[in-house]
Amino acid sequence: MASSLTSESKKLATWYFTFAAIIFGAQLLFGLVAAIQYVVPGFLFELLDFSIARILHINALVVWMVFAMFGSVYWLLPDETGIETVGIGIAKLLYWIFVAAIVVVILVYLFIQVGPADQTTIWFITEGREYLEAPRWADIGIVVVALGFVFNLYATGMKGNRSGIVTVLMADMLAFAGLYLAGMGYTDNISMDQYWWWWVIHLWVEATWEVFVGAIAAYGLITMIGAHRKVVEMWLWIEVAMLFGSGILGIGHHYFWIGTPEYWWEIGALFSALEPLPLVAMFIHVLYDWGKMQGEQEAKGEAKSVITNKPAFTWFVLNAFGNFLGAGIWGFFHTLPQVNLYTHGTQFTSAHGHLAFFGAYATILIGMFYLAVQGKNGIKVMHATKKSIWATSMIVGGVVGMTIALTVAGYVQVLVSRAQMGATWAGFFDGQSGMWFAQGMDWRLVMGVITFLGFLILVVDLLSIGKNAKHER
Amino acid sequence: MAKRSVWSDNRFWQRSAAWVTGFASILLIWLTFDTIPQITMGTDADLKGGVTKRVPGPTVINYKITYEMDAKRMHEIPVIGDKELFFGRDDWSEEEAGALLHLGKLGSQAKNCMDCHTLLGNGAYYAPDLTKAWLDPAWGPEGSMQAMTGKSTKEEAMAEFLQHPSTYPTHARMMPDLGITAEEAKGLVAFLKHMSSIDTNGFPRNFGRMQGAVNGK
Ligand code: HEM
Ligand code: HEM
Ligand SMILES: [Fe+2]
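Protein sequence lines correspond, in order, to chains A and B. As numbered in this note's numbering, residues 1 to 473 make up the first sequence, in order. As numbered in this note's numbering, residues 1 to 217 make up the second sequence, in order.
Just so you know, the hints here were simulated from the structure itself, not pulled from any lab data. Just so we're clear, the structure is a prediction, and the values are computed from it rather than from any experiment. Be aware that a few hints might be false.
Here are the simulated EDC-like cross-link-like pairs (lysine to aspartate or glutamate), alpha carbons at most 16 Å apart as the crow flies [said to hold, decoys possible]:
{"#": "1", "chain 1": "B", "residue 1": "K83", "chain 2": "B", "residue 2": "E94"}
{"#": "2", "chain 1": "B", "residue 1": "K64", "chain 2": "B", "residue 2": "E95"}
{"#": "3", "chain 1": "B", "residue 1": "K53", "chain 2": "A", "residue 2": "E262"}
{"#": "4", "chain 1": "A", "residue 1": "K230", "chain 2": "B", "residue 2": "D9"}
{"#": "5", "chain 1": "A", "residue 1": "K304", "chain 2": "A", "residue 2": "E472"}
{"#": "6", "chain 1": "B", "residue 1": "K72", "chain 2": "A", "residue 2": "E472"}
{"#": "7", "chain 1": "A", "residue 1": "K376", "chain 2": "A", "residue 2": "E472"}
Assemble the whole structure, with the sequences as input and the hints as a guide.
Pasting the structure below:
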């Protein structure tokens with residue numbers, strides 16, 4: 001495909017996006033395997049067990065998102081700084097190292113699966129800690145790649161024009177990479193283990209990644225609807241203050257029951273209850289700016305839409321909704337200790353996990369894919385195709401459907417397995433065999449299939465939309 | 001230039017963001033310094049001297065553990081009682097018990113227990129929570145697992161199950177064979193027993209209430 005990209009940084013971004021999309025597909029496939037196993041327990045038993053399918057599902061999730069995040073930064077850097085990314089040669093080399101490492105890790109998960117109870121397993125097969133199963137050699141590789149990425153960002157930000165967005169990203173990406181170190185150690189003490197494990201998981205998704213989304217949304221508003229930089233960046237700083245102010249201590253909502261002292265009940269409840277506020281602010285910000293820019297345009301007597309990339313902007317608006325719903329509302333549901341005592345570690349958590357990761361991150365990153373397609377094809381105003389609309393509707397409908405199914409299942413589980421039976425082995429299965437629970441699992445699978453079909457259409461659209469003649473070039 | 005409000009000044013918000021973030025981070029680090037000593041594992045001397053630790057030392061495997069309502073804290077807490085045999089001994093030394101726990105914790109990671117089960121409520125939701133699995137009525141004398149595995153103690157029954165889980169299915173959703181050796185199984189059982197002694201602020205609530213089997217001796 002002829003590319004109208006002259007920036008090497010943007011070319012590298014498209015590589016990152018391409019690999020991200022492939023791994024996104026793998027994520028969904030293994031999610032389907034795990035979902036089938038809930039319904040048909042014998043499926044691939046002792047071949048590709050639930051644990052392995054799940055590891056692949058959630059590791060692929062994290063990997064594709066990190067790839068797409070790196071890609072997003074390489075994409076916006078030339079626009080923001082006005083120069084080519086510094087050290088792009090190293091960046092390209094690191095990309096291939098990263099891809100190779102991920103492929104090896106996936107093959108080891110698939111074909112070796114488990115190891116003996118000693119350190120060689122931790123170094124070479126699995127660390128067995130949810131999301132951070134990647135063996136230690138890969139951890140080190142990831143740190144090296146992340147350092148290279150941070151170097152690119154800093155060197156470019158310092159040499160070129162350092163906008164507010166770039167400043168935020170510089171601080172944020174350093175914290176993002178640094179936090180990974182908290183998840184690399186080993187300890188015999190399971191409470192200590194989980195204490196540090198949450199530093200990675202929570203401080204990623206509820207602090208550093210959210211700030212990243214704020215920065216990307218700011219970039220999107222400027223590039224897609226021509227919002228005023230000064231206003232957008234002021235909002236961004238307010239969001240950073242609110243996100244970090246609530247999110248950092250909000251980590252307490254994971255320290256209610258892992259052996260940590262009781263004062264985390266109060267701290268976790270207070271700060272995590274504030275976490276939805278910045279998400280409301282981000283939601284208002286996006287919709288307000290859109291209305292404002294369209295209004296300014298119409299005041300000039302032009303009825304035309306201000307949006308220069310319809311499918312991307314659709315995903316950015318979905319991000320505003322999804323972040324607020326999945327993280328804000330579904331998160332708030334179970335964040336008070338009185339509620340969490342019963343919902344902790346149930347399908348309810350899974351319902352929140354799905355809607356939050358999808359709403360807050362998958363959406364905006366898919367939006368970035370569309371921005372890259374536009375840039376690559378030299379399109380001035382990109383319209384949605386029938387396929388874009390089908391893909392969006394099916395993916396969003398599927399994930400929302402899965403979330404509802406999981407919420408209903410979680411409700412049964414909380415009542416039967418937790419409140420009534422007190423979380424024993426027998427109690428667990430009494431909950432699982434409830435009719436509403438079982439049907440919840442069936443519907444999750446159905447909705448998962450719809451999501452996956454939507455994803456296939458999305459891929460076709462991303463590959464073909466650029467050639468469509470209806471765009472303004 | 002016209003006088004501008006501080007509220008629409010980017011510099012003001014940038015500084016505010018930096019201060020808020022710094023303040024929250026310092027508070028988190030300070031709380032971490034308070035929490036870490038409280039969740040550091042206790043010692044054998046603590047257990048012998050009756051010193052209560054949120055996370056007891058590995059030699060807790062030499063003692064009987066129950067989960068009882070605490071009137072003051074208004075939720076259940078693990079209570080460490082008299083000596084109890086564990087694989088035929090109640091005199092596991094600090095080194096021996098530590099080595100067993102080490103093997104078990106490593107095993108739990110090497111076999112990805114957390115990607116089917118929850119531990120301390122975190123992990124996957126496909127299989128029962130293991131936080132208090134050691135205290136589960138199914139493993140006790142009144143439960144079915146000892147008879148099913150042909151063993152006469154809880155620890156032996158658990159170890160046998162872990163080595164050949166799909167030989168002893170109780171539900172259509174089975175635990176697969178993970179290639180766990182006899183020695184690893186022993187370590188895993190020690191790990192599970194130790195985990196049941198951690199003070200989790202009353203999670204899980206009402207554990208086994210319907211069977212009424214966990215409270216009392
Ligand atoms: C985009 C932001 C967010 C994402 C991606 C996210 C994702 C997740 C995920 C995946 C889990 C499950 C972790 C596990 O596997 O054990 C989780 C747990 C949790 N989340 Fe969020 N979350 C977000 C924001 C929030 C917010 C804003 C709140 C509160 C207002 C919240 C409250 C919670 C709580 C209380 C848990 C623990 C659930 C349990 O006890 O089982 N989350 N989150
Ligand atoms: C084809 C669609 C999908 C299916 C069938 C599916 C299925 C599953 C299943 C079966 C689990 C294991 C839950 C458990 O332990 O019981 C899971 C976990 C998870 N999935 Fe998905 N999934 C799908 C799509 C997604 C998407 C689009 C996202 C986010 C963008 C996502 C994020 C997650 C997360 C974060 C977890 C861990 C949840 C937790 O620990 O609470 N999944 N998924
Ligand atoms: Fe959290």
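List of violated hint numbers, smallest to largest: 2, 6
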